[in-house]
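Chemist: Listed in order, the protein sequences are those of chains A and B.
Counting with full-length UniProt numbering, you get residues 1 to 216 for the letters of the first sequence.
Counting with full-length UniProt numbering, you get residues 1 to 216 for the letters of the second sequence.
Calculated from the structure, these hints are not laboratory results.
All values derive from a computational prediction rather than experimental measurement.
Ideal Cβ positions, reconstructed from N, Cα and C, are used throughout, including at glycine.
Worth double-checking, as some hints may not be accurate.
Claimed, not checked - Only part of the chain B face toward chain A is listed, based on derived beta-carbon distances under 10 Å:
id: 1; residue: 53
id: 2; residue: 55
id: 3; residue: 78
id: 4; residue: 96
id: 5; residue: 97
id: 6; residue: 103
id: 7; residue: 201
Protein chains: 2
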Amino acid sequence: MTRDWRTNFDCSLYLVTDSGMCSAMGLERLVTEAVAGGVTMVQLREKHASTREFLDKARALQAILQPQGVPLLINDRVDIALAVNAAGVHLGQSDMPCHVARQLLGPGAIIGLTVDTDEQAVATESMDADYLGVGPVFETSTKPDHSPVLGVDGFTRRRALSSRPCVAIGSVRAEHAHTLLDAGADGLAVVSALCAAGDPRQAARELREAVESFRG
Amino acid sequence: MTRDWRTNFDCSLYLVTDSGMCSAMGLERLVTEAVAGGVTMVQLREKHASTREFLDKARALQAILQPQGVPLLINDRVDIALAVNAAGVHLGQSDMPCHVARQLLGPGAIIGLTVDTDEQAVATESMDADYLGVGPVFETSTKPDHSPVLGVDGFTRRRALSSRPCVAIGSVRAEHAHTLLDAGADGLAVVSALCAAGDPRQAARELREAVESFRG
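Put together the whole structure using the sequences plus the hints.
Modeler: Take a look at the structure:
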């Protein structure tokens, strides 16, 4: 992992994949369309795949994303990230600790962390992490084991506890963009808004435009 | 992974852990006792643990095994192996391909492969693997998704297809040692014979003695 991905990454519109949700369209087409519509970063998240299936999907996405300079992050699995030379990993609280992942991935990798509580948000201040995933902002069915819904007020409070870039996640739609960016979000992380969209390119375009119009 | 583990490893008595089966005794005590009884190699196999739980167990076993020079192999997870500086990995057919794992782990790591068919045994000849796990020799309940039982004749046939060291696995007990070694096994891989033993030190001693007495 020689390239420095972390200095200038753009988490404005962050697609987190759900293979089950996009099975009709297929993961590769979903990602291709979503990036064409304006997605700036992609996380491959596979909770039930074997290592080999996960690796094959990561390779396929890397072949799409690398030529476009869009960072691919791997959920949980540092070995998959290393094998496909991904931009980095996204780690939950029961995944590898941040400093261990950093040691394996090197100084140029992007490492994102999910924070499930205010205490965890504070704790990440001393970690070598590049962004935080903060949520679920709204009620969501894509992560059945999620922590309590934050709402916009809860997001605002938790976001203020961290100096890291924060992406809002959890049933985020284009109509929430201004509210969440106003609450301090640096980007929107979306699952179903793109994975379940009939036209993910158009859906991504609307989301990205909502973000850009806030920034003026 | 700087140390060269693969040149001189001893697979005579290979403990493959099952955390559920040894929950009363605890994994660390099991491994300590089994190694005191004569286990020469240990594989940490965790099919339901989170990455962090897996890592914590790997660290605990490495702290026991490293001072004794007993190689610790990690089932499936190359990232865990890298994080704890394990001796290597054991890979099934749906895990990372051998050459990818070799690239990540380096030339000194031990890489073992499970072969489920004769064709796979032949195919490993062109892979940079250090040993094969061949089984299940007998009916087993510790790996519910296992391939058809080989029996001793099947083991003899499959073992002869490979020039690599082969360990026999699948309900292997001390009383099978001479038959299996005579059939070409280079070692015995055991799960329940040690993980479910009341006295794993004594059980390991009997298994090891059975191996050594064959070798005369």
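Chemist: Report the numbers of all earlier hints that the structure fails to satisfy, in ascending order.
Modeler: 7
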